[in-house]
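The task is simple: from the sequences and hints, build the whole structure.
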Amino acid sequence: MIRDARPSDAHSIASVHVSSWQQAYLDLMPADFLASLTATLPKREAHWTHAIESKESDVLVSEVDGKVTGWISVGPCRDEDKACAEAGEVMAIYVLAEYWGKGIGAQLWASGLKRLVDQGYKVITLWVLAENQRAVRFYQALGGREELGSRRTLVRGGVALDEVRYVWER
Numbered sequence: 734m735i736r737d738a739r740p741s742d743a744h745s746i747a748s749v750h751v752s753s754w755q756q757a758y759l760d761l762m763p764a765d766f767l768a769s770l771t772a773t774l775p776k777r778e779a780h781w782t783h784a785i786e787s788k789e790s791d792v793l794v795s796e797v798d799g800k801v802t803g804w805i806s807v808g809p810c811r812d813e814d815k816a817c818a819e820a821g822e823v824m825a826i827y828v829l830a831e832y833w834g835k836g837i838g839a840q841l842w843a844s845g846l847k848r849l850v851d852q853g854y855k856v857i858t859l860w861v862l863a864e865n866q867r868a869v870r871f872y873q874a875l876g877g878r879e880e881l882g883s884r885r886t887l888v889r890g891g892v893a894l895d896e897v898r899y900v901w902e903r
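FYI, the numbering for the sequence shown is 734 to 903, going by the working numbering.
Heads up, some of the hints might be wrong.
As the list claims (entries may be wrong) - Okay, the calculated beta carbon distance ranges per label pair:
id	residue 1	residue 2	range
1	Arg-885	Pro-740	19 to 25 angstroms
2	Glu-879	Ala-830	22 to 28 angstroms
3	Ala-818	Ala-772	27 to 33 angstroms
4	Glu-813	Arg-870	25 to 31 angstroms
5	Thr-771	Arg-739	22 to 28 angstroms
6	Asp-798	Glu-864	19 to 25 angstroms
Said to hold, decoys possible - When the alpha-carbon atoms are kept at most 16 angstroms apart in a straight line, the in silico EDC-like pairs for lysine to aspartate or glutamate are as follows:
id	residue 1	residue 2
7	Lys-788	Asp-737
8	Lys-835	Glu-880
9	Lys-847	Asp-760
10	Lys-815	Asp-737
11	Lys-815	Glu-879
12	Lys-847	Glu-778
13	Lys-855	Glu-796
14	Lys-815	Glu-880
Source of the hints: derived by calculation from the structure; they are not laboratory data.
Yeah, the Cβ is synthetic: ideal placement off N, Cα and C, and Gly gets one too.
Here you go:
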């Protein structure tokens, strides 16, 4: 089941966020950095409580047997080089590793995309780590294409990582 997130989901959203990073980025980021993310749960929970209450983005969750198994956050594109009136963004999408490959990510994607299209966005963007091959394949299967020249570098856990922007045009 996919539904709008409630403030009471903030702890589960934060837990899915940290757990997903710890699994998805095993080969991309240092193990000690990934392990340290567990200590950030209270801060992340507070962030998600505020984000949901303030409606700074639309947050949807997936539930299986009453358990939050994934989430997606969508809203206006935050990139300065995209016309925000035209461009929406998938700010993040995460699913617990034990639910990968079961269609939950695709259901979250479809719900988030529908939300953005219903809000009138004609271009959808998303940033992904270039070396996260599982995610890259997922976005390509959903019709996304890497936007040439969009590469940027960020540092996590002392490691420089390249991100690329994927784009869907309606």
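Measuring from beta carbon to beta carbon, are Arg-885 and Pro-740 in 19 to 25 angstroms?
violated (32 angstroms)
For Lys-847 and Glu-778, compute the direct alpha-carbon distance and say whether it is at most 16 angstroms.
violated (26 angstroms)
Does Lys-815 pair with Glu-879 here, judged by a C-alpha cut-off of 16 angstroms?
holds (15 angstroms)
Does the hinted range 19 to 25 angstroms hold for Asp-798 and Glu-864 at CB?
violated (33 angstroms)
Going straight from one Cα to the other, do Lys-835 and Glu-880 come out at no more than 16 angstroms?
violated (28 angstroms)
Please work out if Lys-815 and Asp-737 have their alpha carbons no farther apart than 16 angstroms.
Distance ~26 angstroms between Lys-815 and Asp-737 Cα, so the pair is violated.
Glu-879 paired with Ala-830, Cβ distance criterion 22 to 28 angstroms
Check passed, 25 angstroms falls within 22 to 28 angstroms.
Restraint check for Lys-788 with Asp-737, where alpha carbons must lie at most 16 angstroms apart:
holds (11 angstroms)
For the pair we were handed, Lys-815 and Glu-880, check the Cα-Cα distance against 16 angstroms.
Holds, because 12 angstroms separates the two Cα atoms, which is no more than 16 angstroms.
Hint consistency between Lys-855 and Glu-796 [alpha-carbon to alpha-carbon, up to 16 angstroms]
violated (29 angstroms)
In this structure, is the beta-carbon distance linking Thr-771 and Arg-739 contained in 22 to 28 angstroms?
holds (24 angstroms)
Does the Cβ-Cβ separation between Ala-818 and Ala-772 fall within 27 to 33 angstroms?
Taking Cβ atoms as reference, Ala-818 and Ala-772 lie about 39 angstroms apart, which means the hint is violated.
Hints 1, 3, 6, 8, 9, 10, 12, 13 from the list above are not met by this structure, while the remaining hints are.
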